[in-house]
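Visitor: Sequence:
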Amino acid sequence: MKVRASLASLKKKDGSIVVRRRGRTYVINKKNPRWKGRQG
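Here our numbering is used: the first residue of the sequence shown is 838, the next is one more, and so on.
Distance condition first, Cα-Cα at most 25 angstroms in a straight line; then the derived PhoX-like pairs of lysine-lysine:
| id | residue 1 | residue 2 |
| --- | --- | --- |
| 1 | 849 | 839 |
| 2 | 850 | 868 |
| 3 | 839 | 873 |
| 4 | 867 | 848 |
| 5 | 839 | 850 |
| 6 | 849 | 873 |
| 7 | 873 | 850 |
| 8 | 867 | 839 |
| 9 | 873 | 848 |
| 10 | 839 | 868 |
| 11 | 849 | 867 |
No lab work stands behind these hints: they were computed from the structure.
Go ahead and model the full structure; you've got the sequences and the hints to work with.
Guide: What follows is the structure, encoded as structure tokens:
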């Protein structure tokens, strides 16, 4: 999982879902787990 300042580029990927957990924003992608990320 990458830690990034901005998740905009990950959100555009096919199959991406934006999830908020414990005050952090994550992008999870079951179709292609390479595009997982956390903001901050």
